[in-house]
Structure formats: structure tokens, C-alpha cells
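Once you've looked at the hints, dock chain F against the given chain H.
Protein chains: 2
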Amino acid sequence: MAKEKKSKNKETLKNPKGTRDWFGDDVVLLRAIRRQIETVFEKYRAQELDTPVFELQEVLKGKYGEDSKLIYDLQDQGGELLSLRYDMTVPFARWLAMNPDMETSKRYAIGKVYRRDQPAISKGRMREFWQCDIDFAGETAPMFNDSEIISCVVKIFEALEWTGYTIKLNDRRILDGLFEVCGVPEDKLRTISSAVDKLDKLPWEEVKKEMVEQKGLDESVADKIRTYVTRKGGKELLEELQKDEALMNNPKAKKGIEEMELLMRYLQRWKALDKISFDLSLARGLDYYTGVIYEVVTEGSAGVKAPAPATVEDSTPPMPPVASTESASSDAPVTSNGSTNGVPRRPKEKKKASEDEDRSDDPTVGVGSVAAGGRYDNLVERFRPGANMPCVGVSFGIDRIIAITKARMAKGERFSYIKPNRTDAYIMAFGGSGFSGMFEERIDILAALREAGLRAETFSKQKAKLQKQFQLADRAAAPVAVILGEDEQARGEVKVKQMGLPDGHPEKDGVLVKAEELVAKVQAVLEKLDK
Amino acid sequence: MAKEKKSKNKETLKNPKGTRDWFGDDVVLLRAIRRQIETVFEKYRAQELDTPVFELQEVLKGKYGEDSKLIYDLQDQGGELLSLRYDMTVPFARWLAMNPDMETSKRYAIGKVYRRDQPAISKGRMREFWQCDIDFAGETAPMFNDSEIISCVVKIFEALEWTGYTIKLNDRRILDGLFEVCGVPEDKLRTISSAVDKLDKLPWEEVKKEMVEQKGLDESVADKIRTYVTRKGGKELLEELQKDEALMNNPKAKKGIEEMELLMRYLQRWKALDKISFDLSLARGLDYYTGVIYEVVTEGSAGVKAPAPATVEDSTPPMPPVASTESASSDAPVTSNGSTNGVPRRPKEKKKASEDEDRSDDPTVGVGSVAAGGRYDNLVERFRPGANMPCVGVSFGIDRIIAITKARMAKGERFSYIKPNRTDAYIMAFGGSGFSGMFEERIDILAALREAGLRAETFSKQKAKLQKQFQLADRAAAPVAVILGEDEQARGEVKVKQMGLPDGHPEKDGVLVKAEELVAKVQAVLEKLDK
Chain H
1 MAKEKKSKNK
11 ETLKNPKGTR
21 DWFGDDVVLL
31 RAIRRQIETV
41 FEKYRAQELD
51 TPVFELQEVL
61 KGKYGEDSKL
71 IYDLQDQGGE
81 LLSLRYDMTV
91 PFARWLAMNP
101 DMETSKRYAI
111 GKVYRRDQPA
121 ISKGRMREFW
131 QCDIDFAGET
141 APMFNDSEII
151 SCVVKIFEAL
161 EWTGYTIKLN
171 DRRILDGLFE
181 VCGVPEDKLR
191 TISSAVDKLD
201 KLPWEEVKKE
211 MVEQKGLDES
221 VADKIRTYVT
231 RKGGKELLEE
241 LQKDEALMNN
251 PKAKKGIEEM
261 ELLMRYLQRW
271 KALDKISFDL
281 SLARGLDYYT
291 GVIYEVVTEG
301 SAGVKAPAPA
311 TVEDSTPPMP
321 PVASTESASS
331 DAPVTSNGST
341 NGVPRRPKEK
351 KKASEDEDRS
361 DDPTVGVGSV
371 AAGGRYDNLV
381 ERFRPGANMP
391 CVGVSFGIDR
401 IIAITKARMA
411 KGERFSYIKP
421 NRTDAYIMAF
431 GGSGFSGMFE
441 ERIDILAALR
451 EAGLRAETFS
461 KQKAKLQKQF
471 QLADRAAAPV
481 AVILGEDEQA
491 RGEVKVKQMG
501 LPDGHPEKDG
511 VLVKAEELVA
521 KVQAVLEKLD
531 K
Chain F
1 MAKEKKSKNK
11 ETLKNPKGTR
21 DWFGDDVVLL
31 RAIRRQIETV
41 FEKYRAQELD
51 TPVFELQEVL
61 KGKYGEDSKL
71 IYDLQDQGGE
81 LLSLRYDMTV
91 PFARWLAMNP
101 DMETSKRYAI
111 GKVYRRDQPA
121 ISKGRMREFW
131 QCDIDFAGET
141 APMFNDSEII
151 SCVVKIFEAL
161 EWTGYTIKLN
171 DRRILDGLFE
181 VCGVPEDKLR
191 TISSAVDKLD
201 KLPWEEVKKE
211 MVEQKGLDES
221 VADKIRTYVT
231 RKGGKELLEE
241 LQKDEALMNN
251 PKAKKGIEEM
261 ELLMRYLQRW
271 KALDKISFDL
281 SLARGLDYYT
291 GVIYEVVTEG
301 SAGVKAPAPA
311 TVEDSTPPMP
321 PVASTESASS
331 DAPVTSNGST
341 NGVPRRPKEK
351 KKASEDEDRS
361 DDPTVGVGSV
371 AAGGRYDNLV
381 ERFRPGANMP
391 CVGVSFGIDR
401 IIAITKARMA
411 KGERFSYIKP
421 NRTDAYIMAF
431 GGSGFSGMFE
441 ERIDILAALR
451 EAGLRAETFS
461 KQKAKLQKQF
471 QLADRAAAPV
481 AVILGEDEQA
491 RGEVKVKQMG
501 LPDGHPEKDG
511 VLVKAEELVA
521 KVQAVLEKLD
531 K
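Protein sequence lines correspond, in order, to chains H and F. Be aware that the first sequence starts at 1, since it is given in UniProt numbering, and climbs by one per residue. Be aware that the second sequence starts at 1, since it is given in UniProt numbering, and climbs by one per residue.
Warning: the hint list may mix true and false statements.
The list cannot tell twin chains apart, which means a pair is met if one copy fits it or any two copies do.
To be verified - Here are the simulated EDC-like cross-link-like pairs (lysine to aspartate or glutamate), alpha carbons at most 16 angstroms apart as the crow flies: (1) K461 / E440; (2) K271 / E441; (3) K112 / D50; (4) K235 / E258; (5) K461 / E139; (6) K461 / E103; (7) K61 / E80; (8) K61 / E381; (9) K463 / E486; (10) K514 / D444; (11) K468 / E103; (12) K271 / E451; (13) K521 / E493; (14) K243 / E261; (15) K232 / D200; (16) K198 / E210; (17) K419 / E42; (18) K463 / E139; (19) K271 / E440; (20) K209 / D223; (21) K271 / D444; (22) K215 / D187; (23) K495 / D509; (24) K255 / E239; (25) K495 / E517.
In short, the hints are calculated from the structure, not lab data.
Okay, chain H solo, but in the shape it has when bound (with noise of 0.2 angstroms):
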């Protein structure tokens, strides 16, 4: 019976499919990595928004295309149709658009968002997941809050102490207008446009062969569209296409290379340029951007193979089987139960999921990319027509910059804004038998420890070895213990160990000291160890 009631208790014992809890290590990293990006995001004053989690329905509806699907709905159990949200972007236009008297806003949002896609979770991609946003509204001179956010972007990564990354950059109208001088069809814009999307993943004659095959395009236009966008570099590649008179003849392409020039002196002024690659085959798969767009690429993140935090098996160490099971199974469908209202592949996804692929239309973070973003100008006015509030933003893939910053970690990188989540102190009780456990007077020094703004711990039993509790001092990475003992006690002195000490060392074995000096010499110990 108890038997019974135990397996039946276990097949539920687990989180939902494509989530996880967060704790220890990965949440100490979170913090951390949070608190570097939050401080940059002060000193180019933007100033954090928290929407709800869910919105209307109605809201959500008809802003991510094909992705809709992926909009996790709520049952209707009377009252509004609400949905959890899908990115940052959208309840961030819907606050401006309820907020019609602001002429510009700098925001900025950190939280989870919710795509009830198939989870991959040796690749990160989670149905919750930690996204970052910060995003610039309102009309200001051409390409200034576009050069602002890519510098913010670069002052993030500077702040988390990456190297070794790159800040794709295009821009809508210049990938539009060469679409058109090579003779793309009107009709057939934003489908060439996704084929060319994929050229970091495929070979050029594989994407050409796409848009042949599949997408009816003559091989010549194909062909001349190949002369453009396999070209990347920097202000050179901008040279080069400012000399290409049947460029500089369309409009879009023309408008957009101006642009393209601006932002590239007012990057360099930020000092960011060195960062850039000018890259023609970058398209992004969002409909809703119209001018810049970026996606920053990072050596790490295609070297790394399992990121390790974003998995729940490797979060969850001490996790029942059953559990740890039903959630790797990430390629499993969706409907165990054969309902049709499952998840469907993307049509770009008909390949096996465990090809190293990924989804290069998420609005967030493009193929192995770590942060994404572009300039959006219309998307506040399908709030509120008549609106005129321009944006630019970008958005910040924090899981994966977790999974990224932890396998450097684990290579044996240190991170100096990454601190230990250490215990300054740890107290200890040490007598023979008929000993208290000298509980109060432990209680006592905690309360002293603490309000002395020190982080300290004590064994919640009333006795224990003293192994026991070295070993429990030594889980905490405490690097002073404190013992207290009877004999000490009766002479109102109290003994300091500082923990690791080598063989032979005057104090090894710990220092006596008076009660009311005890904190004191802790804090000496502490400082004399941060130096």
C-alpha cells in the first residue's frame, strides 16, 4: 500500500517539461551575471520595467507571425483570455502605447518568458527561460539610440568579461534593396530573405538550391544576390557598396547605406566598431524589424557542447530518476497522449533534432547567438494607431550566457565579479560528555556575528562530532570557524581557527581569544584573507 502510493507519488514528482529550478552554483551565477548587466544598464539610464506575466490574449495576438503557435494560452476560467508572455518586446509596446504622453523611454526588463516550443535542452532551449531586454522609444537624431544600444551591448560583454565575440550588423532596408537591384520579386522579399538567413549554417549552394527549388527564383538572380551576401567586414565592405552605382540607385539600399555610414562614426566614437562585422547575410527572422538589426555571436557558444546550467539534469543532481528521465527526454512529441493540439515542428525544423541546429527565427537569440536585437519602428502603433514611437533594443539570452560564462568557468576561467557564496564564519561546540551543546551561547554569537554584517552559521542539533562539524564548516566554505567550548567558556574566552592553515603554522590550531573580542579578530582574520 505504501509501496503503491509511493510510484504513483513519483511519476509527478518532477518540474514541468522544459523548465527547471534554479539554485546553488547556476544561482549565485545568475545573480551575479544580473548585477553586472543592471549596472550598465544605470549608467545609460534606462530604468527598469516589471509587466505581468501573462497578458490579454489579445495582445499577444498577431505580433510573432508562425510563432503564435508557441504562445502559451490559459484556460479560460471565466473573465479575460490571458496568455503568458512570449518576449519583453511586446508588453514593452503595449506600456508605451498605454502611456501616450511619453515622448521617449529608456527601459530595461529582466525575467522569464515562455515558448511552449520542444524543448532541446542540451542546446538551452527551454519552454522558461531568462531573457534581458532594453530597449530605447521615441524619435531621436537618425542612428543615435541605435549607436547607443549597440554600445550598451558592447559595455554588457566588457562588463561580464567576454572576449572573443563578434556584433553581427545589417540593416533591413540595405538586405531589401540589393534583394531588388539583383531582381527578387516584390512577393518573394521576406522568403529569400529567411533562405539568406541560414548561410551561417549551410553552404552557399545549399541556400541556392532553396531559393531555386523551393522558392522558384532564376538562378541568375540568384547568383547575382550570392556576389552581395557573402560579403562581410567594416567600414571597407561600406566603401565598396557606396561606389555600387546600381545600389546607390535604390532607394531603400541607398537610405539604408547612409545610415549604415552615420552609425559606423558614431560607433566608433563609443569605441564599439572594433566589435562589428558589417555582414550582408544577416537577416533575422522577425517581420516587424525595419531598419538596423544585430546578432552577437560569441566563440563560446558554439564550443560549447552541454550547457550544463541550462539543463535540468545537471541542475538537479540529487533528482530521482523518474524525474530526470521524462525531462532530458527533450526530443520526445510533445502530445504523449495524441492530441493534435501539440507543438508542430517549424517547417525549417523537419530535420532530426539532434542535428546542431537551431532556430534561427526566435526573436531572441538567432543561431548559437547570445544576444539580438534591431530597430522596430511600427510596433507601438498597432497598439495605438496614429502613435509615432520609433524603437531600437536588444535582447539578452541569459541562460545561455549562464551555460556560456559556466563551461569557461569550468575550463578554468575566473570571472572577478563572480564571488563564492562563502560563509564567513562557522561556530562549533566541543565537549565531553554531558555536554549542552553550549546552544544559547552559540546563539548568542551568531547574533553577534551577524549584526557585525557577517555571514555566519552554527549545526542546528544540540550536539555533534566535531567532525561532523568540520565537515559541515567545510561544505559552507567557511574560512574561520569559531569553538566554543566549556572549559574556554568558564574563562569568558572563545577559540578562532582560521580553516586550511598548513602544517606547522603558529595559529593551525586556532587562537584563544576574549568573548568580546571575538568578533573583532574574526573580521581581522576575513579582511587579512580578502587582501
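Frame of chain H; chain F shown alone:
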């Protein structure tokens, strides 16, 4: 046509009922309070746990009794059946059950929870609200964890610089024991307990009436109960009870009284005893409590009539009328479409919602309380039969704490940890006709100031009238203006002006400094100001 479109959009331009957007001063407050709380939690060596916003429906099922109807379910879109979390306690117990190797745990959690309740915005009762929990799990010496949690509550309110609050304290075992001694039949224990819990809102005569007339209790039994539950105090009340032979002969009451003595001894050590009111009328709604229970009430929580930051209207000042009207109609029925699936009023809430009554069976926040909790020793076992994982914890109602703090600030109280969200320096440019706006020079200065760690800003247009620039600097609360001019620029100089200097002050109009000395000069002005 355009007009029709607009009015159609207007209807949906709102956030979901009972939710709000957090921004501006409220976010500053939220973060300041959150950071204070987290610092205390870290001293107590609690580790953060961040669980998904939804859980499997089975996980939440049967954990909240009557309140289960307030749980938000997700739509069945194929796959798992999910619900939004109702509190942090059940997800913690689920996580503990999934980690059977853990002997003890000290965890904290800060996040939003969801209750499909009737919103009462003026009372800060939202459908999505911030909650902050700390819970200790695992077997310890009797009352050690209980005393440490209560001392943590004291330290939190100390860190928040609150005075004038009381921690009401009782024990379920004492309460059940005294009901038994008075002659309450076993099957009426819980219902009589819930009647007693109303004594902080209703006079004794009404509570008695409920017991006798509605619940069929003997009048003599009710009168005996009165002799106990109208008593509150400190150690002296405990001593009175210890002399009460009838009570001490009841095993439950005896155990509870003995442990209450121990708890008070420990609380004295923690210097927390003077915040305690041992209150025999405190019962708390939730069934799962098994020992000590407590609730923090504050003078402020009764005094605050309209908790500003918790209202949707106040937090979104320039909101279109339609949005605020719907959001503010807190007493409108949940189901506007006549669905029978709406939220039923709970029996004890049959009165008009406009009365100043609050839900006393709220597991988080009781009557006018800002924090509440207790010991629950059997919850983990419901997820993992055989588990021996006794728990004790407390939840803080962050929204309400913010509302009260804000109201106190409005009355002139100051809190040292709440720093204004200041822009350190505002960059301006000033010139005559044909003036370029010195765009790129401003970027240089912005970049240099931010590089030095300062929070700097400029206006984002090419040119603006000086008056407009001063307005923007003023709105950014910037104490320093950096003013660029073409003549000064030609001499390699820039003007630094401390804002708000009195007329006649020698530096009223600013001082010219060499461009390379600018950052140091701005820092010097700020340092002088911060002293």
C-alpha cells in the same frame, strides 16, 4: 475608419485585471527593499531557489483546501497540465521531495505568485503579487529553526528601518489543547479555531455568536474559551498557563507550552523577545501548520488607506481612461459574460467588498499583516511518503511592505537604504545658428563619464533649445550639467555646472575646465555633494 480602429484598440489596451506594471519610483523601492531583505537572508545563510512560474497541476492539487479554486490553470494545449504557482511553499516542498539526499535546507525565494481572487486594489489585494519567503527544512534541536526564523523577521524589519510592529505568536498545539480542555468536540476543532482567528476584527460577542449559533457549540464551552483566547502578553502569560493544571494535563497543550518556553528563551538570546506578543487568539487559516504560528502586524498596515504602489491607477499615471477605469473597478464581478466558472466569493467574504475586511485565511498575509508563517512538518511527506523533513518558514508580503513604506515616505519619513535613482551628469550643447549640436563630442563625453562609472545622459536629438535641455536635466535629477559650446571646444575646454547653486554663488554659472580634466571635475562635484 481610423477612429473606429482606435476605439477598438482602446478596449484591449490594458494589463490583465488585478495586475500592474512596475516602473519608476515603485521599481526603485522594490529593488531597494528586495536588496535589504536579501542581505539579511545571506547573513542567515539561506540560499535562493527560483522555481518555474508554473507547476504540474497534480503538484498543487489538494494543497490549499478551499482556496484551490483560486489557482490559475493553463489551457490544455497538449502535453502536461499546468497551473501557475499559488505560493512559494508548495514548490519548495516539491523541490525538497525531489532532492532526498538533502538533510537540511535553508532556502529563500523572491518572486510573484498568482491567485485568481477578487482583486481589491485599495487593499493591495492583487492577482499577481510579489512574495518573499524564507524557510528552513530538516530535523534540528526543538525550536532552534523556529527561533532563528523569527529572529530573521526582526532583522528584516530592522534592515527596512521599521518600528512599531508586533510579531503575534501562538502554537497550534496550545490552541488545540485549550479547545480540548474547554470541551470542544474533536470534529469542531478547526472550525472553532477559524472563528477564534477573527477576534482581531470582530468583538467577542460576535465570535461567540458564530460559535454557538452557526457552529453549534455549547455556550458554556464558548465562555470557557473566552477566558483563554482574550489573553495576550509575553513570558508572564506563559507562566500563567504553566500554572493552569487543566491545561498542563492536556498532552498537546503541555508540549506546546514547554516548547513555547524554549522558544522564548532562544528569542531572548536573539534579542527578538521584545517584538513578540504571545497571543492565544492567533489561529492562522492554513490546515498544514503543526506547531508555532506567527503573523507580523504593523501600525502602518492599518493606517494606510490607499496603498499607492499597489494600485494600478496610481502606478500608471498617464494611462488612457479606458484602461484605468477597467482596472480600477476592483469590485466588478470576475465574469462579465455570465459564466458560471467565475471566482466564487469565499463564505467568510460574504460581506460587501468595500468593508475594511481582509482575507484571514490567506496563507501569506493575514489580517492587516505584512508577514506570516509557521511550522509545517508534514508537507514534504505528501510528495515523498516516508520523508522526514519538518519545515518552518515565513512569507513577506512585498507589495504591502512597499505600499506602507511609500505611504510613510509621503508623510516625510526617510529610509537610508532608499537612494534616488539619480543621473549623475547631464551633457548639454549650446550654440548659435548653424550649430551642429556637437553630437559626436557629446558621445565622447558620455562614453568617458560612463567608463568612469558614472550614470550620464544627454538629449538624443541633434539640437535642442537650452531651456529644453535644462528641463531634461532637471527631470533626470542630475546634480551636474556638462555644457559644450563651440568656442569652448575650440579652446579645448568644457563647462561644468553644479545645478541648484544659489544666486550670487561664484560657480553659479559653472566653471570651465580642460577637456581632459572633465571626468575628475564631475567626480569632485559629486563627491562633495554626497558628503
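If you check each hint against the structure, which ones fail? none
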